[in-house]
Amino acid sequence: MKALSFPKSHRLLRPADYGKVFNDVQLKVPHRNFLILATPNNLGHARIGLIFSKKNLKLAVQRNRVKRQVRESFRHQTDLPGLDLVVLGRQGLVSLDNQSVRASMDDLWRRLRKKYAQSQPSGAATPDTAGRGTG
Numbered sequence: 001m002k003a004l005s006f007p008k009s010h011r012l013l014r015p016a017d018y019g020k021v022f023n024d025v026q027l028k029v030p031h032r033n034f035l036i037l038a039t040p041n042n043l044g045h046a047r048i049g050l051i052f053s054k055k056n057l058k059l060a061v062q063r064n065r066v067k068r069q070v071r072e073s074f075r076h077q078t079d080l081p082g083l084d085l086v087v088l089g090r091q092g093l094v095s096l097d098n099q100s101v102r103a104s105m106d107d108l109w110r111r112l113r114k115k116y117a118q119s120q121p122s123g124a125a126t127p128d129t130a131g132r133g134t135g
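Every letter in the sequence shown is one number past the one before it in the numbering used here, and letter 78, counting from 1, is 78.
Honestly, I wouldn't trust all of these hints.
List time: in silico DSS-like cross-link candidates among lysine-lysine, alpha-carbon distance up to 30 Å [to be verified]:
no.: 1; residue 1: K28; residue 2: K8
no.: 2; residue 1: K55; residue 2: K28
no.: 3; residue 1: K28; residue 2: K54
no.: 4; residue 1: K67; residue 2: K8
Okay, the calculated beta carbon distance ranges per label pair [what the hints assert, rightly or not]:
no.: 5; residue 1: N98; residue 2: N42; range: 31 to 37 Å
no.: 6; residue 1: R102; residue 2: S9; range: 21 to 27 Å
no.: 7; residue 1: K55; residue 2: P7; range: 26 to 32 Å
no.: 8; residue 1: L35; residue 2: D79; range: 35 to 41 Å
no.: 9; residue 1: G92; residue 2: N42; range: 34 to 40 Å
None of these hints come from the bench; they were simulated from the model. We put the beta carbon where it would ideally sit given N, CA and C, even for glycine.
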């Protein structure tokens, strides 16, 4: 069950962490209701930060519900590359139910993996061919 935990090390905690992503966006994954911004990190695992404004989700209950669904979806993504991610909410989120949010996020994680794989040089995508011999 440890693989599905959500420790502090998997979250963007400080404003500097968010600033690093906003200042050096290398991957963007757009969606009608979400936008994921990503930049590589050297930690070996993904970290996530969430931004949902009052402009798009008026009530705190609505913001918390969507954030809870996004966090839970992220928690189940065990094979994401080492990226710092910021998930931004867009207009229209209030009309989505929980299943729609989860389905949208699952699609976004799949597209993020695909974009990341395409952005990597062909030699770096397969570490076995990087010259790591057995002796």
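Distance restraint hint 34 to 40 Å, applied to the beta-carbon atoms of G92 and N42: Roughly 35 Å apart at Cβ, these two residues keep to the hinted range, so it holds.
Restraint status (C-alpha distance of K67 to K8 at most 30 Å): 16 Å, holds
K55 paired with P7, Cβ distance criterion 26 to 32 Å: Since the Cβ atoms of K55 and P7 sit about 31 Å apart, the hinted range of 26 to 32 Å holds.
30 Å limit on alpha-carbon distance, applied to hinted pair K55 and K28: Distance ~22 Å between K55 and K28 Cα, so the pair holds.
Satisfaction of the hinted span 31 to 37 Å by the C-beta atoms belonging to N98 and N42: With Cβ atoms ~34 Å apart, the hint holds.
R102 versus S9 beta-carbon gap, inside 21 to 27 Å or not: 24 Å, holds
30 Å Cα cutoff - pair K28, K8: 24 Å, holds
Status of the given 35 to 41 Å range, CB of D79 versus CB of L35: Cβ of L35 to Cβ of D79: about 22 Å, so the range 35 to 41 Å is violated.
Pair hint K28 and K54, alpha-carbon separation not exceeding 30 Å: Roughly 23 Å between the alpha carbons, so the hint for K28 and K54 holds.
Checked against the numbered hints above, the structure breaks only hint 8 and satisfies the rest.
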